[in-house]
Amino acid sequence: MNRFARDTTTVTVKELRQLIRDPLSLALTIMFPILLIQIFVVIVTAFSAPSYSIAVVVSDLDGSSTSKNLVDKLTSSRLIKVTQFFQTEEQALHAVESGAATGAVIIPKGFGDALLSNRQAFVILQTDNSKITSSALVQSAVSSSTQSLLELVSARLGPAPVEVILRPISGRPPTGDTFLPGMLGMITILGAFDDIVNAITRERERGTFPRLVLTPTSILSIYSGKISATVVLNAIRTTLMLAIFVLTGLVIRGNVLLVYLATTLIAVFTMSLGLMLSTKIRSSATLTILEIAITFPLFQLAGAIQAPELLASGGRALAAMLPWTYGNDAIRRVIYLGVGLDAISIDLLVLLLGSLVLLPIATLLSKRTM
Amino acid sequence: MSVTTFLGDVLVVMINEFRLLRRNRTAIIISLVILPIFFTVSLGGASGGAGGHFTPTAHLAIAYVDNDLTIASGRLLEALSSSGDFNNLVQGYSEENAIGTLGTGKIYAAIIVPKGFEYGLAKNEQVSLVVYVDDSLNGLGNEVVSGLQSSLQNFSPRAGAGPLLSRGASQVEIIQKGAKFSSFNIGLTIILALVIVFATFYEVAGGMSRESEEGTYARLLVSPISLGAVMLGKTMYDLVLNLIRTFLVFGLAFYAYGARPNTDFGTILAISLLIALLTMGFGFLISAIGIGVRAVIIIEFFLVLFLFAFSGFIIDRELLRGISSTISYALPWAYGMEILRGTILIGRPLLTLIAPLGFIVASIIAFYGIAYVLLRLGRERLVR
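Sequence lines, in order, name chains L and Y. If you count by our numbering, then the first sequence holds residues 1 to 370, one letter each, in order. If you count by our numbering, then the second sequence holds residues 1001 to 1384, one letter each, in order.
If you're looking for bench data, these hints aren't it; they were derived computationally from the structure. Please note: incorrect hints may appear among the correct ones.
Claimed, not checked - Distance windows between CB atoms, simulated: (1) Y/K1115 / L/V357: 35 to 41 Å; (2) L/V251 / Y/V1361: 47 to 53 Å; (3) L/I165 / Y/K1106: 42 to 48 Å; (4) Y/G1215 / L/T215: 28 to 34 Å; (5) Y/V1373 / L/M31: 47 to 53 Å; (6) Y/R1321 / L/L35: 18 to 24 Å; (7) Y/A1330 / L/L35: 16 to 22 Å; (8) L/I165 / Y/G1092: 19 to 25 Å.
Small disclaimer: the values here were computed from a predicted structure and weren't measured. The C-beta atom is built at its ideal place from N, Cα and C for all residues, glycine as well.
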């Protein structure tokens, strides 16, 4: 047992030393989480900007003072930019169909009269729904402009009769940081996969792996050492990510050690799977490509961007079969809800069992392929 | 050199590439199985296919806590249950119990109808529905609120009365035109672009870099085969692979998930191959710089991330600001996405999208041209 621990430590130290000597890999280990987060910050910033300039065209067929008021409201909207006015409905609709504008608002003849005589009035809104967010923002701008017009035309109208108030149980305000815990999970997975490429396949390509196996060190010690090195690197990556979280204003409600525990188990599971795959895939480039190919669908399936519970039945079944889903769930619940070990024990158990199943298989396959 | 010799050389390079692929079972599995099939199946599983209407909150257990116990609150329950957005409303929870149960997985949200709900509506006062959500499930809060607001559009608190909102804000009705697209159909355009870019870049740039590392590329360069024939041979090989990938993605989407593109398959194929050519040109350019396979993989990863952030994969380009917007308008793949959406979703004829098509074609020519010059310089250095 002593020897096993000693060998494991030796391999761990060797792995870390090797990484320090490889500046590109070291830089990637540190820079990679920052760059990935930056990309997602761009996405979130785009979704939560205070104003946009989405191109909308208007055709005011009514020409009344009321319809002009509505046009004023539309032109002063923070979400859209009225780029052109058309004389006919067809011209306005064509502008959307040809891609020149995202939306077309048509104010029909009789609009002003209908409103002033307290009858139902209507406007026609054509949107390019292939642009998901932009079309929704155009709808929102038109809706709030008509509401604002109604308040102006008829003082008797108050706010919407039923208001829906959202209260997250964590007490946090609903902000754009919902993706951050998922990002931590995904960076842990990608980082651990990259570690396995460094640890096994690249060593195989250099020809040092067979030499390592031929030493008196057991294959289990070698694997344990490599996993331990990943655990250390994962702790560094997790610390870096948590620092970024804190800088972006995210409050970690739970015990931070539980976050480390969850990411460690995700990393160990990913490493175990990577060790298994590396027995069959000898090229580091191929393994890296496979890892990236696997990871992109995981952003959606393992709950990094949206909770797996919100997926369709097929997606939920796939998500339930992936141990990473449980890891991401544990991270989110610790960070957002501040739950303790007992509440995430099943999640952690799934990851642990997954690793305990894969690791012996990887060892067996590795011995066979020697 | 005669045209026949040149075409013969192109064919030789192409056959050689296929021979190499046939010997590499892992590459075949990744390139032609995992990428197109796994990506499409993941999309189908997550979004429920193109045909049916999928509501994320429909199956979720959500507590309906009625503190009012009036006809209006009963009618609200009926309206929610029949909306299709809330098929699993659970009654019998008190407000405290419901809030306490959130986070355990038994219920995911609680809709609280306050005391005085009916009275407030009768007096034409504003009333509030409070929704508690387990916010460890990202995205749930917005989905529940959006489902509630859409159900409230048609809710009338008394039998025979008109919908509640027609008495107020919706005195101006907004008639919405424009085709609606399922999230699967929108996702399909992303998956197709992603699969093509991901696989093609690695096959070209990774393949060239690997050949350089192994020394076979240098041998190829000093052979009588022209550089143009080498590039064209590799391009032809990769176009065939992309043809197969496009068939796989669309075959699966069409037959397994009921996707019905608004354009013919020839157009889809033409756009796919254009995006593939663009990526190949970029791949040649990157490999011409003389970097290793590892660097190619790193560039590939960031290329895909860039495409996610700036090419309209997730965010529409008009929502980006400042430097993000500039990057987006400079990325030729963003125009590819624009064409994919314009044709597959909206059904515009390909030739009406002249501006984005022109940008892509110009980028392909630029990438290939610069790559050719750089590779030629490299060859001359090698020969000297």
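- Task: Please name the hints from earlier in the document that this structure breaks, with their numbers sorted from lowest to highest.
- Result: 1, 3 and 5
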